[in-house]
Every structure is written in C-alpha cells, then in structure tokens.
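Visitor: Spelled out from the first residue to the last, the chains are:
Number of protein chains: 2
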Amino acid sequence: MTHLNSLDTPALVIDVDAMERNLQRAARYAHEHGLRLRPHTKTHKIPALGRRQIELGAAGLSVAKTTEAEVMLASGTPDLLIAYPVLGEAKLARLVRLASQAPVTVALDDAGVAEAISAAATAAGVEIGILAEVDLGLHRMGVGPGPQLLALIEAVRALPGLRWRGVTFYPGHIKDHAVESQPALERLRGQVPEMVAALARAGAEPEIVSGGSTPLLWDSHTIPGVNEIRPGTYIFNDRNTLLGGACGRADCAATMLCTVVSVQGGRMMIDGGSKTFSSDRSSATEDALYGEIEGDTGARFHKMNEEHGYVDLSQAARTYRTGDRVRVLMNHVCTAVNLHERVWAVRGDEVLEAWTVAGRGKLQ
Amino acid sequence: MTHLNSLDTPALVIDVDAMERNLQRAARYAHEHGLRLRPHTKTHKIPALGRRQIELGAAGLSVAKTTEAEVMLASGTPDLLIAYPVLGEAKLARLVRLASQAPVTVALDDAGVAEAISAAATAAGVEIGILAEVDLGLHRMGVGPGPQLLALIEAVRALPGLRWRGVTFYPGHIKDHAVESQPALERLRGQVPEMVAALARAGAEPEIVSGGSTPLLWDSHTIPGVNEIRPGTYIFNDRNTLLGGACGRADCAATMLCTVVSVQGGRMMIDGGSKTFSSDRSSATEDALYGEIEGDTGARFHKMNEEHGYVDLSQAARTYRTGDRVRVLMNHVCTAVNLHERVWAVRGDEVLEAWTVAGRGKLQ
Chain A
0 MTHLNSLDTP ALVIDVDAME RNLQRAARYA HEHGLRLRPH TKTHKIPALG RRQIELGAAG
60 LSVAKTTEAE VMLASGTPDL LIAYPVLGEA KLARLVRLAS QAPVTVALDD AGVAEAISAA
120 ATAAGVEIGI LAEVDLGLHR MGVGPGPQLL ALIEAVRALP GLRWRGVTFY PGHIKDHAVE
180 SQPALERLRG QVPEMVAALA RAGAEPEIVS GGSTPLLWDS HTIPGVNEIR PGTYIFNDRN
240 TLLGGACGRA DCAATMLCTV VSVQGGRMMI DGGSKTFSSD RSSATEDALY GEIEGDTGAR
300 FHKMNEEHGY VDLSQAARTY RTGDRVRVLM NHVCTAVNLH ERVWAVRGDE VLEAWTVAGR
360 GKLQ
Chain B
0 MTHLNSLDTP ALVIDVDAME RNLQRAARYA HEHGLRLRPH TKTHKIPALG RRQIELGAAG
60 LSVAKTTEAE VMLASGTPDL LIAYPVLGEA KLARLVRLAS QAPVTVALDD AGVAEAISAA
120 ATAAGVEIGI LAEVDLGLHR MGVGPGPQLL ALIEAVRALP GLRWRGVTFY PGHIKDHAVE
180 SQPALERLRG QVPEMVAALA RAGAEPEIVS GGSTPLLWDS HTIPGVNEIR PGTYIFNDRN
240 TLLGGACGRA DCAATMLCTV VSVQGGRMMI DGGSKTFSSD RSSATEDALY GEIEGDTGAR
300 FHKMNEEHGY VDLSQAARTY RTGDRVRVLM NHVCTAVNLH ERVWAVRGDE VLEAWTVAGR
360 GKLQ
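Residue numbers (numbering that gives the first Met the number 0), protein chains in the order written: chain A, 0 to 363; chain B, 0 to 363.
Just to be clear, a hint being listed does not mean it is correct.
Pairs involving identical chains hold if they fit within one copy or between any two copies, as the list cannot separate such chains.
[Stated by the list, open to error] Simulated crosslink set (DMTMM-like; lysine to aspartate or glutamate; CA at most 20 Å straight-line):
1. Lys302 <-> Asp286
2. Lys302 <-> Glu285
3. Lys302 <-> Glu153
4. Lys302 <-> Glu204
5. Lys302 <-> Asp16
For the record, the hints were derived by calculation from the structure and aren't laboratory data. Just so you know, these numbers come straight off a predicted model, no measurement behind them.
Build the full structure now, drawing on both the sequences and the hints.
Guide: And the structure:
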C-alpha cells in the first residue's frame, strides 16, 4: 500500500469514494427529473473520469476548446459539446477533424462564426451541431432572448453543414455572491419558458435547452423548459460549492496536500501558492481566504505568492511545525486541476493511483 | 516569414528586442554597482534564457524548487540557488543529485531543515551551500535579524556537508500597493547594514547578502550591504512593473495575443481568462483590472472566468468585431508563463521561434 505521506507535495488528492457519490447523486437527480446530463469536463480534464460520467448515464460531455475535445474523445463520449465559439483557421481544422470522429456541437452567439464553421464543415464533408447561445443575465456570451436569438437561429438553419440543435445559456450570475440569487433564479424561471414559447411560435422550437451549473445543479428541475444541464465542479466540489450551499463538507472530494515549510512568529508558510492553487478568490464569500486548512478553520490562509501560502495562526486550533503536512480545501478546483500534471486518487490514507490530467493546459 | 496573425490564440508572445534591452540594462546596472546578479528564473522557466542571463554576466541563477533546478541545469549556470527550503525525502534525493552536477545553494530559515539537508548531503558525499533567510518586513519566510539569525547561522556552520554562504531576504513588501514604499525602503537601508555589522561583530560576516526584486531593482545599490540581487520579472516586465514605476511601456516585452470571440451590448469577450493569464490582480494598483488592451486603455478588462476575458467597451477608443485580435499587457507575467507550454519569440509582426517553457508546472 502506498501511504498518502509518501507523496511529494504539493499534491492534489481526490477521495474516490466521495467523487463516486457525487457522480451517482447527480446522475440520479438528472434521471429522476428527465434532464440530459452533459458534464463539463473542464473540472477534471481526465478522459477516464469522462468515461465514468458516460457510464453513469451522461448524454455527452462538454469542453471549452477544440484541443480539450481532442483529449476527451478518449472517453468514448457519444456526443461532444464545445461550449465556446470556434474561430480561426487552426481551430476550424481541428473542429472538422473532430467531427469526423464523433458527433460534435458548438455553442456560438454570432452568425459570422456560424458561417465560417459552415464553410469548413461543407469543405470537409462533415456536419456540426450548433447551439445558439443566449444571455439570460450573466452578460458574458450570448444574444438577447428576443428577436436577436431568432435571427441567429434562422441564420444557422440556413447554412449548409450545420445542424441547429437548440439553445444554451450559462446561469453563472446565480449563486454568485455579487448578486442576490433568489430574484435572479425566479427571473430565470420565467425567462426560459417564455423564450422557448416564443421560439416555438416562430417555428423554431429548440430540441435542446441547455443550462445548469454546479451552484444551481439541484435547482435545475425548477426552471421550466430546461432539459439539459452542464455542471462541471460537482464531480469534486470545492470551497465555492460548499459555501454556496450546493454540497456538504463530506462531498468535497478534492484537497491539496501541502507541507509546512516555515513557522515564524504566529504564521506558517505552506508549499502551495498561486502556482499550485491558482489565485482565484472565493466566488461565494467575501472572506478573501484562499482555502481552508482541513480541521482548523481558525488557521487563516489569507495570502499567497507563487510558491508560498501564508497562513495566519493567531486563531489556529493547533500548533504547527516545519515539516507538518496539511490538507487544504481549495476555493476553485477547476483552475487548480489545470495547474497539475497529475492528481492522486486516494481512499483514506491509501494512494490508489495517479491520474494524468491529459486535458491540462489546452489553451487553444 | 511567419506572421503573428498565423499564431493560434491565446498565445504569449515575447518581443525579443525589448527582452534583450531589459537583460542588458540590468546586467549593466549590476556591473556598475558591483552587485552579483542572480536572476530568478521563475519568470521565464526557459533554460536558453537562463543561458543568456549567464552570458551577460549573471553570477548564477535562482529557482524555487528542486524540479525547476533540474530543468535549469541545462542553462549551464555556474551557481544555482534554490530560494526555498528543501524538505522531505523526494526533494532531498533530488537536491543531492543536483549537487553532484552543479554548485547548489539552498535558502532556509529553520535549523531542522538544515539538519536534514546536512544528513542527506553527508550520506551522498556532496556539499550544499546555505543562505540563512531573514525577514526584513515581508513576514513571509525568515527569522528575525537579531539573535535568531545568528543562532540559525551557527547551527548551519556546525553541520557537516553544508557551506554557509550568507544571508538572503526578499523585499516583497516594498513597492507593494498595500504599503507606503518609501518609509519601508528607508528602513531597509538601515536594517541591512546593521544586520551585517552585528553578524561581523559575532564572527559571522556573510559573504553573500542577497536581496533585490524587480520592483526594487534600480534601488538595489542604495541599500548598503546588499551585494547580490535576484530580480525575475525584469526580463519581460509586466503591468505590475510598469505601474510600480520600475520600467517604461517600451520595456514590456510580454503580451498575450487574444482573439475577440464575442461582441454583445457594449462588451467583448476575449479568448483568455484565468487559464491563460492567471487570475492575479495587480499588486501595484487597486484598479481591479486583469490587464491592459494594447492601444486602448479605455477598454476595461475587468473580469474573467477560466476561458473568458470580459472587456467593457463603454469607454473604448475603437470598435471591435468578433474575430479581431488584441494584445494584452498582463498584470503578472510569471504566473501567466507557468500556464503556457510554449511562448513565441517575435520581432514586430514576425514570429521568430517557439520557446518551450521547460520549467512550467514544476510544483515539487
């Protein structure tokens, strides 16, 4: 048996039992409510975990980039959504190669982007699915849900090589600490069916209405019209998910194993900083901490440099010595995973295996 | 000729002429003031650039981790500082292997860490240089500059397999927006010579007194007693360096080439977010921007997700269309470089070559 303590630090460790429970719970929820589950694999970036999501009934997988899609083909997914517009020669070449290997759908909000994809698909003799991206409040991507959306859909439907499959939105503005979440959720419960009805009246009833994030996961069935969800973080969860109320502490499957490298005058330094955790602040609280030291909420991880995590011990529950190891619940697991070549699957103190993060660093 | 526009985005591009000027200026400064220059390679993580720093007169190179040191051996550096305590079996094994290939020095602040290194060095029949780390105001690593420092040095000197070489500090608290910089710099100008004098009186005169960061680079000669500097960022510079006043705009050698992937209602999205830039805020200003769109300071890059850079165009100097390309001056180049497998050396619009970031992601 390989013991956790034999791992060199910093090391990102995954509790496989908690992960499996998370996967099964979401699969059950989606099944019970008749929702297509299409997990976003940006959280784990590991084809074997994508395969497990498919085994448990996921209708397909989501990725952000064509390069991530190439990696995720190894999961054997029956349907692949690139939830990001695909622009430019190199990406279009990858896209049509992908489409010759698996059914691929792209989310976009611009008729010009659709035209370029249509031209590439037609030249390559493949078909690309399209979801029209609509903005329901996040103000990131997406056209407005009225005439703009209909115009985009009509443009897509008129183009050869494309198959219009429906609409997609990302409800990232809900359960974000900057917005009161309940009114926004209530608004969404009106916006989606209204949008779907208007499209149906115009002869453009969407087959897929794709929404759903991890913070909103368990509320997905309360939004009439949504029939597909794309949560990512739920596989591992993180401090944001916990503080946002979408999971319990036992559902946090990912922690960072760190070593205390210095203890001086009421503070300690751990060997993980922005190069190990990412410097993402919490999106669920204003506390400005970078994570939580497992078993010691009084030890405040309040600052970081690339290789240093600053932990204020003035309210700590215990004492620490140089060389001690701690496990840290990170704010945002997706950006942390992206920094690691591999993560470690563990059960209790036993290290089961290393998983290569094959989709790490796929920027293009 | 390969044109910049043929690069797939996002792409981190380095203006080689600006970089070379930055390297030469720092080399000249160090030479003029009799300072050993030991650049921290965490900024570039590229052995060929380390070699160029050595060619221009650097006395050695600095790294943060033993795994980075392994990569940087290829630079042919005559002296390698691991500016971070080395703890644990795996790292000690790497350390003594390194020491059999090149002179290696470790910075530490704990006699226990020194003892473990001594035992490993003795067993392997190698010698490890040691710098005692002192805290002169950052409150990160380091013992106090009084009796604690002397005790640490005496412990190191008594251990076999170690060669005590001097003291090191990191003045990261100076030119940080959270602290008024002038009083802290004035204090440092007293602290260092006082510390050196006290050590000399106790029979422990340090051969090396190592300080120096990029924000403080050009003030290094005004701190009596400092004889070595370890700037990292100066090779490329970034928005932090610019806003902190330690470089001019023409000295910013690194920019992120991004594509506009969406323009909707007074905002645009670029294809770089926290996975491309890192989510580091500026350390030199409170403006909460994530970077500066080259040539358009009115376009405010104010928010990011992993793959999305949110740019508010309400004050923009020009209009943008989906598919346009922009270059972005990033807040913090070190954490950005760490996210890229390779960066592109450019002169004007010409791409000269790709440089593999061999030291990227070396966490342990």
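Visitor: All hints are to be evaluated individually against the structure, with a verdict given for each.
Guide: Results for each hint:
no., hint, in the structure
1, Lys302 <-> Asp286, "both (12 Å within a copy, 19 Å between copies)"
2, Lys302 <-> Glu285, "both (14 Å within a copy, 16 Å between copies)"
3, Lys302 <-> Glu153, "neither (50 Å within a copy, 32 Å between copies)"
4, Lys302 <-> Glu204, "neither (50 Å within a copy, 34 Å between copies)"
5, Lys302 <-> Asp16, "neither (31 Å within a copy, 35 Å between copies)"
In this structure, the earlier hints numbered 3, 4 and 5 are contradicted, and the remaining ones agree with it.
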